[in-house]
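K.L.:
The primary structure of each chain is shown beneath.
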Amino acid sequence: MDEIMLKIDNVSKQYKLGQIGGTTLRDELQRLRAKRRGEEDPTKRIGAKDYNKGETFMALNGVSFEVKKGERVGIIGHNGAGKSTLLKLISRVTAPTSGFIGMNGRVASMLEVGTGFHGELTGRENIYMNGAILGMTKKEIDSKMEDIIDFSEVRQFIDTPVKRYSSGMYVKLAFSVAAHLDSEIMIMDEVLAVGDMAFQKKCLDKMSDVSKSEGRTILYVSHNMNTIRQLCDRVVVLDHGKVVFDGDVEEGIGVYMGIHDNMKEYVELRCLPRDPEFSPHPVTMTSLEMLNTHNSLCNVGDKITVRLLCDSERNIEQAFIRMIVKSGEGTPVTMMTTEEGIHLKAGGNSIECTLDTSRLVPGRYSLSPVVYEVNNLGVNVNLDGLKEVMGFEVAVTQGFNNNMPWMPRYWGYFYNKPIAFKWREHRGQS
Amino acid sequence: MEENSTFKTVITSDHKLLDLHLRETFQYRDLIFLFVKRDFTASYKQTILGPAWAIIQPLLTTVVFTIIFGNLARLTTADVDGDFVLPGFLFYMTGNICWAYFSGTLGATSNTFIANRGTMGKVYYPRLVSPISTALSRLVSFGIQFTMLLCFWLFYVIRGGTSIHITPMLLMIPLCVLQMMILSTGCGIIISSVTTKYRDLAMLVGFGLQLWHYGTPIAYGLQLIPEKWMGLYMLNPVTPIITTFRFGMFGFGYFDLTYYLISWAVSIAVFFIGLILFSRIERTFMDTI
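First to last, the protein sequences are chains A and B.
For what it's worth, my numbering labels the leading residue of the first sequence as -12, then goes sequentially.
For what it's worth, my numbering labels the leading residue of the second sequence as 12, then goes sequentially.
Possibly wrong hints are sitting among the right ones.
Pulled a few chain A residues facing chain B out of the computed Cβ check, cut under 7 Å [to be verified]:
no.: 1; residue: P83
no.: 2; residue: N91
no.: 3; residue: L98
no.: 4; residue: Y115
no.: 5; residue: M116
no.: 6; residue: A119
no.: 7; residue: T124
no.: 8; residue: N213
Rather than coming from a laboratory, the hints here were simulated on the basis of the structure.
It should be emphasised that the depicted structure is a prediction, and the values quoted were computed from it without experimental measurement.
Even for Gly, the Cβ is constructed at its ideal location relative to N, Cα and C.
Isolated chain A (complex conformation) (with noise of 0.2 Å):
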């Protein structure tokens, strides 16, 4: 039987609205004032609305699940929706509101790398006192010291004061104690979102093994779905402070992506507000609908068919629809188009297109669908438009980028063909 790591069992989270905090002595005291005079709060900013008086507002609301040993738990949400409170409440950093938490082990809570680094310090001294923060004991740390240095890549610079360390390197060896840490228990805040692709990707693989090894529980928060993919086994995902997924990696990750607004795989178009350079649309852009994905959700070299129904005032003779494609963060990707013109009759009319995703990166992206028709000048004339209507999202697949995150940020949003090359034997001076 696993035995159970960390059991949290309706665990509830309330804030405050309105201000609260950074107060003084002397505001508490015109206030009080003020409310025996019946008169209105002296501290209270002009115009502001008292309507957060006294409202509260729950980051967790009854949350429960368990982790057994060994597991590696993502905790997905999107902003707001309570995973960084509930990383605080298991790492004590905070009290719940209302619950239990159990667990059953020595917690290691990484929600920033460093925390305890004094710039005055040099590496070696900081490696103590960032573990003894982490809660290990100087015996322990002196056990794993070597490891530590070679781990961090700064051997060269290990008794030189941080303060003189590039954010690197003081990533680099902050990252590499918690790496270290004996612990059964380890939570992680997108702490692996710093440091370079090499280092994030030696952090991982570290990660996996010490769970996989030594059976230690891991869980972990990003943003980042494919770090999710390559790490856990597990996924939670949180929405407005309560659990609405828990179970498999891929389903979650599906969920995750269905909670946001614009991944919908069928979207009403017609009422949709148009930009001025859209309006009038003598085409009204009904609908649109993805026919082949699953929650919005498309492998790598896959090519997703939409279907696009439009109202039309008149015969159209020559109307050409164009898919604009952008990435999650809203920068163009690319655009796809129709060679030839379609005949759009007056009244309804249904297109199904189909378009080649098949070399996009694993990441998220949206769709701006237009229909415009080229006139007697040659010249493009916009029938009707709309921005960012429908998202999806292209998973990752086994062997793709030889199993390494792709870093759109670098390398872009296409992949090309593999590198063809020939081998030879090569010897002598040139």
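Dock chain B against the given chain A, drawing on the hints supplied.
P.N.:
For chain B alone, coordinates are given in the frame of chain A:
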């Protein structure tokens, strides 16, 4: 299904009145040691004189006191009536290093939560580790200063011509140091707990300590206080500590058991109130700070 009681660590919303995590704090003793070391080394890094600064500061203060309060203002340095001969220099130095420890520890521990929120907001460790290590690292400085005091003391003893002699009261000195530690840390953690919500108190600390300094016989002897105000004056818990400390060092001086015990009672009470407040605040201070 396992029962909730089988877990080694349990986090719930309720808490006991006095939940000190003493055993846990003891497990983190390496961290206390490292904090002490960090405080000490970091404060003297990139200085030419290094730890010598621990000596220079009280030495200069003592010289200034000797000139201003001794030679110019001619305030008495006598705690009791009698024909005692005592170098003013030694008198001021004794008071100064005691006060430096007391006010330094109080000032630093009163900042515990605000100064450490970066660390405490990210990682759990028993919060009491911070004030304890502050009090201990100040004790290291105090030790250095006390050694300096002993050197001057020995010089005067060997040279002779003073009323200094060794009495069993010398044994009271460690007790006085312990009491200073408890009282200053107690005040400090009370202030640090309250300042998580009201920052005013942080402003008051510097000013308050200055007033407290004038209300304590550091720059003058106890003889300066009129008889009718003595009862009130001695309620300042630091006064009996200072006078007893001087009695121990010089072998003569003022010692009243009643006042001394009251001072201890106040110290212990302050310390426990501090601990209760601290343990209440430490669980959720991150939400209000």
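K.L.:
Next, verify each hint and record whether it holds.
P.N.:
Evaluated hints:
Restraint check, P83 (chain A) versus chain B: the minimum CB separation of about 5 Å is within 7 Å; hint holds. For N91 (chain A), the suggested interface contact is upheld, since its CB lies about 5 Å from the closest CB of chain B, less than 7 Å. With a least beta-carbon distance of about 5 Å to chain B, the hint placing L98 (chain A) at the interface is held under the 7 Å criterion. Below 7 Å, beta-carbon pairs count as interface contacts, and Y115 (chain A) has one with chain B at about 6 Å; its hint therefore holds.
Taking 7 Å as the C-beta contact cut-off toward chain B, the hint placing M116 (chain A) at the interface holds, the least distance being around 5 Å. Satisfaction of the interface hint for A119 (chain A) is found here, the shortest Cβ-Cβ separation to chain B being roughly 4 Å, below the 7 Å cut-off. Taking 7 Å as the C-beta cut-off, the interface hint given for T124 (chain A) holds, the closest approach to chain B being about 5 Å. Violation of the interface hint for N213 (chain A) is found here, the shortest Cβ-Cβ separation to chain B being roughly 25 Å, above the 7 Å cut-off.
This entry does not satisfy hint 8, going by the numbered hints stated previously; all others are met.
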